[in-house]
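J.: Take a look at the letters that make up each chain.
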Amino acid sequence: MGASFLSFHYLIRKIFRYLFSFVIILLVVFLLPRMMPGDPIANLVGEDVYLSPQKILELRSAFGLDSPLHEQFFVYCMKLYQLDLGYSFHMHAPVSSLLIDRAAWTLLYIGIAIVCGIIIGVGPGEKAGWESEKWWAHFLSAGAVLISSTPPYLLSLIVLVIFVYHFGWFPLKGFYDTFDITSIIHHLVLPISVLTVFYASRNFLIMRGAVLSEKCQLYPQFVRSLGIPEKDILSGHIRKNAIIPLITLIALDFGFLFSGALFIEIVFSLNGMGSLIYDAILSRDYPVLTGSFLVISVFVIMANILSDILCIVLDPRTGRNE
Amino acid sequence: MKRGRCKRTLQDISLYLCIGVITLFFILAIIPEVFAPFPENKRFIPYMDPDTVHFLGTDDMGYDIFSLLIYAARISLLIGFCAGGFSIFIGTATGLVSGYFRGWIDDLLMALTDIVLIIPKIPAIILISAFLRPSIWILILILGFFSWETTARVVRARTLQMSTSGHVLSARSLGFSSYQILISDIVPVIFPVLLPKFMLTITGAMISEASLSFLGLSDPTMNSWGRMISDAFTHGGFIREMWWWFLPPAICISGAIISFIRIGMVYEKPGQETMVE
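Going down the list, the sequences are from chains A and B.
Heads up, the first sequence is in the numbering used here, so the first residue is 1 and it goes up one at a time.
Heads up, the second sequence is in the numbering used here, so the first residue is 323 and it goes up one at a time.
Everything hinted at is true.
Each pair of labels, with its calculated beta carbon distance range:
{"no.": "1", "chain 1": "A", "residue 1": "Asp180", "chain 2": "B", "residue 2": "Thr331", "range": "55 to 61 Å"}
{"no.": "2", "chain 1": "B", "residue 1": "Ile353", "chain 2": "A", "residue 2": "Pro68", "range": "54 to 60 Å"}
{"no.": "3", "chain 1": "A", "residue 1": "Phe73", "chain 2": "B", "residue 2": "Phe366", "range": "54 to 60 Å"}
{"no.": "4", "chain 1": "B", "residue 1": "Ile353", "chain 2": "A", "residue 2": "His186", "range": "49 to 55 Å"}
Subject to a maximum C-alpha distance of 20 Å in a straight line, what follows is the list of computed SDA-like cross-link-like pairs (lysine to any residue):
{"no.": "5", "chain 1": "A", "residue 1": "Lys14", "chain 2": "B", "residue 2": "Asp429"}
{"no.": "6", "chain 1": "B", "residue 1": "Lys364", "chain 2": "B", "residue 2": "Thr374"}
{"no.": "7", "chain 1": "B", "residue 1": "Lys443", "chain 2": "A", "residue 2": "Thr150"}
{"no.": "8", "chain 1": "A", "residue 1": "Lys14", "chain 2": "B", "residue 2": "Arg475"}
Honestly, the hints are just simulated from the structure, not real lab data.
Note that CB positions come from ideal geometry on N, CA and C, so glycine has one too.
One chain only, chain A, in its complex shape (with noise of 0.2 Å):
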């Protein structure tokens, strides 16, 4: 009774400090146009939008740039309630219709890579931590830190041009030809492939180095001495302490899959979330920005809860010894 009531406690606080950092967020999304030289008309419509003076005296008294700035962020605390987000000048739509339209397609193939990259990344990455002094642990290490070591888009670049610049194999660009399955698997293989990679090779490194920690502590030791075969030690025994750290990073890692998205449908020129965040850069186009930021948050945030309490599921010590 005393555990679950300390899990539970670490983790109301654990959420408490999740709220936190959403409230810094949002601060930051706040603040960063309105702070900014010069008038925050620009900064918050975006730059290069035409806009008639009585439309900018419109948006001013809208957004109440004229009330100070605690009454501001409470204004702006409501629109957001009301998933309200903002509206694109450049897109001429409101920006949180945008993000549905875009994300789902993102989403889908995140989903896919997150999926494969666990099933070839964690496996894998268990055996060469068991087993790590044979020569192929050695070899899917050093893979993998090569991998993990290369900058998101390079390897996607590097991919676009092997298989579809020089063998011409894939498509170049877009989701689907015609609206078909076939089509969409055709021009979803690459972006996939190259995004599962990225993601296995992670898992495998954390996955191994957590094996690794554990193998040299007491209890698999006595476990051997009580004549449990090596497999059964590795499988009921290591398995279940070393998913632990996994299942937190693979949570934080929910950003870098975004960004690594982010990336690859520009490389491959994806209609997705990325390249939607990709041309707002370009535009300036800041409601879509914040927007995207303020949505990439609350995933990575929603990511953290839950892991948090698979990780209590799995391991009732969690928060005892905070």
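Please build the complex by placing chain B on the supplied structure of chain A, with the hints as guidance.
T.: The following block gives chain B in isolation, referenced to the frame of chain A:
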């Protein structure tokens, strides 16, 4: 036994190789004029193939790619090192203070660390750079500020262990100030943890800089390896399959990153390896 020694030598060779690579890049960064065949801003015919005069041909503006490559080492290393140093400084200071003094200051600093940890790094850096259009020094500050939290955690954990150890207690009972103890008794002991963290933050900063250049968000006046790849992408180097344009800077970035990581693993004992985060 023999096999073990062979492996040992192999590891030594790889370490010396990595130190050699970094030293070479450093020399290039300090005195590029000596090694570059042409000054940075001398223009020739654009899109030339490699020949004996231009080892790597010329780019879309007619600049000699080999010279650009050498001059770019300066910016890439400068950003990596300064951002890494800044981040390791904040991280170490935070970790030392919260691990040594404990109590409310520990709670406060660790809560702060958790809060920074949660913010998605690259998206945040992209957003801030899009607004600020940073010069190189602002960029270094931004990159450094978003990477100190893992260092802080590791340093705190080690400092917590250290602060009850014999030599720290005796230094304290001899009346040395906390500052003195932290600097001369704790920092040297936790150095083996700091070095890999330092190297990892350097590589992180270099990767982030290259990514920002690719998005066109870093300082437009400076020429880094990331910028060269981005130019090759936006100005037709990839469609023409001019591998001599985009592959050399890519190899330089990856080579530097791998060398830094390898150097950071010097203190590693078998069984307790650095986690690449």
